[in-house]
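Novice: Residue numbers (our numbering), protein chains in the order written: chain A, 546 to 994; chain B, 546 to 994.
Keep in mind the hints are simulated off the structure, nothing from the lab.
Worth double-checking, as some hints may not be accurate.
The list makes no distinction among identical chains, and a pair is therefore deemed to hold if it is satisfied within one copy or across any two copies.
Said to hold, decoys possible - With a straight-line cut-off of 30 angstroms between C-alpha atoms, the simulated DSS-like cross-links for lysine-lysine are: (1) Lys955 x Lys928; (2) Lys574 x Lys918; (3) Lys673 x Lys768; (4) Lys684 x Lys666; (5) Lys918 x Lys955; (6) Lys955 x Lys991; (7) Lys684 x Lys928; (8) Lys581 x Lys684; (9) Lys955 x Lys859; (10) Lys928 x Lys574; (11) Lys773 x Lys754; (12) Lys603 x Lys918; (13) Lys574 x Lys991; (14) Lys918 x Lys616; (15) Lys991 x Lys859; (16) Lys673 x Lys629; (17) Lys620 x Lys991.
Protein chains: 2
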Amino acid sequence: MESYDVVVIGGSAAGVTAALSARRNYPSKSILIIRKEENVLIPCSIPYIIGTVGESMKSLIMVDHMMPNHKIETKIAEVSKIEKEQKHIILGDGEAIGYERLVVATGSVPAIPPLPGKDLKNVCTIVKDVSYLEAMIEKLGKAQSLCVIGCGFIGVEIAEECRKRFSNLKISMVEMQRNCLQLVYDAEYCRLAEEKLRAANIELILDEKVEALVGNETVSAVKLQSGKTIPADIVIIGIGTKANVGLAEECGLEFGPTKGIQVNRYMQTSDNNIFACGDCAEKVSFFDQSPTALKLASIASTEARIAGANLFSKRQVCSGVFGAFATVLGNTAFAAAGLTETQALEKGYHVETGEFESPDSHPGCMPGSGTLKVKLIFEAGSKRILGGQAVGSFSAGELVNTISACIRHKMTVDDIITFQIGTHPILTASPITYQLVNAAELAYAKMIA
Amino acid sequence: MESYDVVVIGGSAAGVTAALSARRNYPSKSILIIRKEENVLIPCSIPYIIGTVGESMKSLIMVDHMMPNHKIETKIAEVSKIEKEQKHIILGDGEAIGYERLVVATGSVPAIPPLPGKDLKNVCTIVKDVSYLEAMIEKLGKAQSLCVIGCGFIGVEIAEECRKRFSNLKISMVEMQRNCLQLVYDAEYCRLAEEKLRAANIELILDEKVEALVGNETVSAVKLQSGKTIPADIVIIGIGTKANVGLAEECGLEFGPTKGIQVNRYMQTSDNNIFACGDCAEKVSFFDQSPTALKLASIASTEARIAGANLFSKRQVCSGVFGAFATVLGNTAFAAAGLTETQALEKGYHVETGEFESPDSHPGCMPGSGTLKVKLIFEAGSKRILGGQAVGSFSAGELVNTISACIRHKMTVDDIITFQIGTHPILTASPITYQLVNAAELAYAKMIA
Numbered sequence: 546m547e548s549y550d551v552v553v554i555g556g557s558a559a560g561v562t563a564a565l566s567a568r569r570n571y572p573s574k575s576i577l578i579i580r581k582e583e584n585v586l587i588p589c590s591i592p593y594i595i596g597t598v599g600e601s602m603k604s605l606i607m608v609d610h611m612m613p614n615h616k617i618e619t620k621i622a623e624v625s626k627i628e629k630e631q632k633h634i635i636l637g638d639g640e641a642i643g644y645e646r647l648v649v650a651t652g653s654v655p656a657i658p659p660l661p662g663k664d665l666k667n668v669c670t671i672v673k674d675v676s677y678l679e680a681m682i683e684k685l686g687k688a689q690s691l692c693v694i695g696c697g698f699i700g701v702e703i704a705e706e707c708r709k710r711f712s713n714l715k716i717s718m719v720e721m722q723r724n725c726l727q728l729v730y731d732a733e734y735c736r737l738a739e740e741k742l743r744a745a746n747i748e749l750i751l752d753e754k755v756e757a758l759v760g761n762e763t764v765s766a767v768k769l770q771s772g773k774t775i776p777a778d779i780v781i782i783g784i785g786t787k788a789n790v791g792l793a794e795e796c797g798l799e800f801g802p803t804k805g806i807q808v809n810r811y812m813q814t815s816d817n818n819i820f821a822c823g824d825c826a827e828k829v830s831f832f833d834q835s836p837t838a839l840k841l842a843s844i845a846s847t848e849a850r851i852a853g854a855n856l857f858s859k860r861q862v863c864s865g866v867f868g869a870f871a872t873v874l875g876n877t878a879f880a881a882a883g884l885t886e887t888q889a890l891e892k893g894y895h896v897e898t899g900e901f902e903s904p905d906s907h908p909g910c911m912p913g914s915g916t917l918k919v920k921l922i923f924e925a926g927s928k929r930i931l932g933g934q935a936v937g938s939f940s941a942g943e944l945v946n947t948i949s950a951c952i953r954h955k956m957t958v959d960d961i962i963t964f965q966i967g968t969h970p971i972l973t974a975s976p977i978t979y980q981l982v983n984a985a986e987l988a989y990a991k992m993i994a
Numbered sequence: 546m547e548s549y550d551v552v553v554i555g556g557s558a559a560g561v562t563a564a565l566s567a568r569r570n571y572p573s574k575s576i577l578i579i580r581k582e583e584n585v586l587i588p589c590s591i592p593y594i595i596g597t598v599g600e601s602m603k604s605l606i607m608v609d610h611m612m613p614n615h616k617i618e619t620k621i622a623e624v625s626k627i628e629k630e631q632k633h634i635i636l637g638d639g640e641a642i643g644y645e646r647l648v649v650a651t652g653s654v655p656a657i658p659p660l661p662g663k664d665l666k667n668v669c670t671i672v673k674d675v676s677y678l679e680a681m682i683e684k685l686g687k688a689q690s691l692c693v694i695g696c697g698f699i700g701v702e703i704a705e706e707c708r709k710r711f712s713n714l715k716i717s718m719v720e721m722q723r724n725c726l727q728l729v730y731d732a733e734y735c736r737l738a739e740e741k742l743r744a745a746n747i748e749l750i751l752d753e754k755v756e757a758l759v760g761n762e763t764v765s766a767v768k769l770q771s772g773k774t775i776p777a778d779i780v781i782i783g784i785g786t787k788a789n790v791g792l793a794e795e796c797g798l799e800f801g802p803t804k805g806i807q808v809n810r811y812m813q814t815s816d817n818n819i820f821a822c823g824d825c826a827e828k829v830s831f832f833d834q835s836p837t838a839l840k841l842a843s844i845a846s847t848e849a850r851i852a853g854a855n856l857f858s859k860r861q862v863c864s865g866v867f868g869a870f871a872t873v874l875g876n877t878a879f880a881a882a883g884l885t886e887t888q889a890l891e892k893g894y895h896v897e898t899g900e901f902e903s904p905d906s907h908p909g910c911m912p913g914s915g916t917l918k919v920k921l922i923f924e925a926g927s928k929r930i931l932g933g934q935a936v937g938s939f940s941a942g943e944l945v946n947t948i949s950a951c952i953r954h955k956m957t958v959d960d961i962i963t964f965q966i967g968t969h970p971i972l973t974a975s976p977i978t979y980q981l982v983n984a985a986e987l988a989y990a991k992m993i994a
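Assemble the whole structure, with the sequences as input and the hints as a guide.
Specialist: Following this line, the structure appears as structure tokens:
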């Protein structure tokens with residue numbers, strides 16, 4: 546029987562990162578990644594294959610190309626079983642492969658609500674599969690009207706990219722929450738995102754639930770609970786994902802309250818030799834250690850680095866997760882990290898916020914200059930930062946990582962006021978008007994008022 | 546006699562920021578900013594008035610425009626004297642103005658080496674004065690050849706901007722250090738900067754000292770200690786600045802080892818009612834509290850926020866400074882924070898580094914994609930981060946602030962490996978190849994090897 550020190554199941558963000566971290570931490574161990582897809586799509590880039598990138602085969606994680614440089618073997622095969630007592634896995638063709646440590650990084654699959662009509666033709670989800678997505682794009686090219694169900698990140702990115710590629714397509718979106726992107730931004734930032742979508746001629750139907758998908762073999766409309774019917778000859782459901790955990794269930798690993806594989810702070814499952822990371826693993830909130838169903842490629846890669854580091858020695862700790870996100874709508878970046886003000890209030894924090902907007906270069910008349918607005922959310926008593934939102938120029942994409950660093954290290958409003966900033970006329974706001982620090986100072990002014 | 550709770554002397558980055566912070570911290574206090582220049586240039590933007598912005602009057606700090614919104618009064622006048630026992634200042638016309646607290650933010654003036662020929666016509670420095678700079682730009686327009694003395698930030702930015710505006714001007718630069726920007730980057734990054742300058746047809750003369758400026762009334766050449774002579778009908782000296790502290794000296798404030806006004810951790814001078822901040826204030830290193838002559842607008846604004854917060858109550862603390870910088874050469878951003886590897890070794894740290902380069906978007910074929918390279922410097926024993934350098938796409942400008950947050954909070958290599966990243970296909974590297982985290986993981990791998 547073939548055998549490896551480390552076997553990783555899954556070739557996406559979690560699996561590849563776990564294997565790379567295992568290699569860096571344990572240079573002499575043998576490592577194998579098994580994945581079922583011949584071509585692994587970069588998960589966050591899936592919307593962009595429709596318009597901006599234009600082709601799915603340009604948007605792949607180059608597993609077979611990258612891994613040999615790191616002395617990591619790869620294999621394309623379906624794993625049919627984990628036999629944890631024997632410390633081996635069984636492939637679809639019956640072959641057994643032994644392991645010392647196993648990393649389960651099987652990801653997630655689209656969540657599909659139990660709607661009448663969900664099995665009609667032209668009802669699509671965002672499956673991480675090249676041929677499925679290519680077929681979907683072909684159908685979009687022939688369609689007159691698209692309805693996207695769900696206005697989270699995946700939904701709004703898909704809708705915008707469809708607009709870029711198919712200028713004549715009628716596009717509508719349905720969302721049961723009051724606002725787009727409501728899980729990530731406070732209402733005033735959500736409304737900015739909605740403006741961008743409407744400016745792209747995308748109809749938004751908010752605060753409405755879908756009752757059924759209607760059609761004869763092929764979908765023709767979306768019926769809402771309010772009674773309204775939206776014509777749609779193609780529907781894309783983008784309401785989120787659920788952990789892909791069949792293998793882990795069958796072999797008897799323990800599960801957490803959000804149906805992810807239970808892991809400890811070392812990303813170790815209920816079996817000492819098996820680690821799990823990414824969308825398939827259970828997570829707790831960084832803030833209060835409560836269960837959270839947050840699923841992001843960036844969280845997957847962080848967990849994977851922790852799992853990879855801990856395989857043979859306990860080296861890194863997962864202290865719970867919070868989201869750090871960014872997207873682009875129109876030509877405006879939307880980024881956020883940690884809790885929104887609404888979420889912080891729901892969790893019972895006494896909250897103070899500060900907000901500041903200024904040009905993203907200085908002077909503001911610098912060619913190509915835009916503006917950047919930052920909102921920070923603090924706990925009023927401890928003065929600890931809980932979250933932040935940034936909207937404007939593309940530098941928001943990295944600024945959110947500064948906010949993430951502040952959250953992770955429980956920095957206070959004082960720490961951020963006295964931040965040592967790097968600034969430059971072409972690249973950032975001026976030191977006087979640097980958004981992050983000014984937002985903190987304005988929050989502080991309210992705290993002492 | 547007119548009197549204010551707070552009087553600030555200086556209308557640039559430190560003065561304006563100190564006044565704003567004073568307002569936010571003490572809403573009911575009366576505040577006056579006195580400055581001597583009618584038009585205050587944004588200090589970091591001075592090189593850019595030559596080419597990119599094209600006009601100095603577009604690059605001003607709008608003191609008189611901004612301050613009334615914050616109920617801060619402004620006055621244009623020269624301060625001739627501080628009478629600290631009486632708690633008032635005397636203006637040039639003899640008028641006295643009383644204060645409860647005084648903030649000295651008088652900045653710096655260009656350092657001019659005692660070179661023979663330094664007083665010849667067409668030998669310029671970078672003075673923060675609109676009419677001086679406009680006259681310099683006019684002279685540049687008539688010149689055949691420019692020699693810039695000093696290859697620090699100000700020198701390289703001036704040279705590049707002169708190239709943008711005056712395509713036929715012969716430009717040379719002389720630097721006594723072995724590399725351009727040597728105080729900020731390790732040699733391999735300096736060499737990348739030098740490539741950009743040479744690509745812009747700027748001649749670099751490194752590791753050479755200037756012996757004299759030569760000419761008959763007007764400068765015609767720069768003579769080097771090696772004997773070489775460089776023809777130049779205009780010379781710009783950009784070798785740094787020295788604290789502008791005449792007023793503070795005359796009134797008997799104490800001074801520090803680098804000739805700055807001595808301040809304590811609250812930015813308070815030897816007189817309890819007088820604070821100082823920015824280029825005129827003495828500074829110590831964040832790393833070992835040793836004296837440092839580092840002068841940056843971004844440091845000035847940080848110190849100013851601390852001074853402004855502490856005027857009537859001790860609210861914020863300065864824990865020492867480190868540089869966080871960025872510039873753009875060619876179309877490439879160069880950014881850095883904290884110690885270089887060379888500086889860390891000189892300070893006696895046992896150092897380990899990690900470096901990682903990857904596309905700044907994902908997939909790498911995303912339109913407009915570039916690359917970004919990050920080097921991190923750690924103390925090997927404590928695993929604490931000491932510094933970082935980033936070169937590549939413009940997002941380096943904000944990435945350096947994430948590095949700054951990590952340095953300031955003494956994060957370890959483990960903290961950065963387990964960082965919760967926000968990523969997006971258009972805005973950043975992929976979560977697998979995110980530069981900051983991978984550089985940390987590679988440094989860690991060396992530490993445990």
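Novice: Against each hint, give a clear statement of whether it holds in the structure.
Specialist: Right, here's what the structure says about each hint:
no., hint, in the structure
1, Lys955 x Lys928, "both (9 angstroms within a copy, 20 angstroms between copies)"
2, Lys574 x Lys918, "between (47 angstroms within a copy, 28 angstroms between copies)"
3, Lys673 x Lys768, "within (27 angstroms within a copy, 66 angstroms between copies)"
4, Lys684 x Lys666, "within (10 angstroms within a copy, 73 angstroms between copies)"
5, Lys918 x Lys955, "both (22 angstroms within a copy, 28 angstroms between copies)"
6, Lys955 x Lys991, "both (20 angstroms within a copy, 29 angstroms between copies)"
7, Lys684 x Lys928, "neither (52 angstroms within a copy, 54 angstroms between copies)"
8, Lys581 x Lys684, "within (25 angstroms within a copy, 68 angstroms between copies)"
9, Lys955 x Lys859, "both (24 angstroms within a copy, 22 angstroms between copies)"
10, Lys928 x Lys574, "between (46 angstroms within a copy, 24 angstroms between copies)"
11, Lys773 x Lys754, "within (10 angstroms within a copy, 80 angstroms between copies)"
12, Lys603 x Lys918, "between (33 angstroms within a copy, 23 angstroms between copies)"
13, Lys574 x Lys991, "between (55 angstroms within a copy, 16 angstroms between copies)"
14, Lys918 x Lys616, "between (45 angstroms within a copy, 23 angstroms between copies)"
15, Lys991 x Lys859, "between (43 angstroms within a copy, 17 angstroms between copies)"
16, Lys673 x Lys629, "within (28 angstroms within a copy, 72 angstroms between copies)"
17, Lys620 x Lys991, "between (58 angstroms within a copy, 29 angstroms between copies)"
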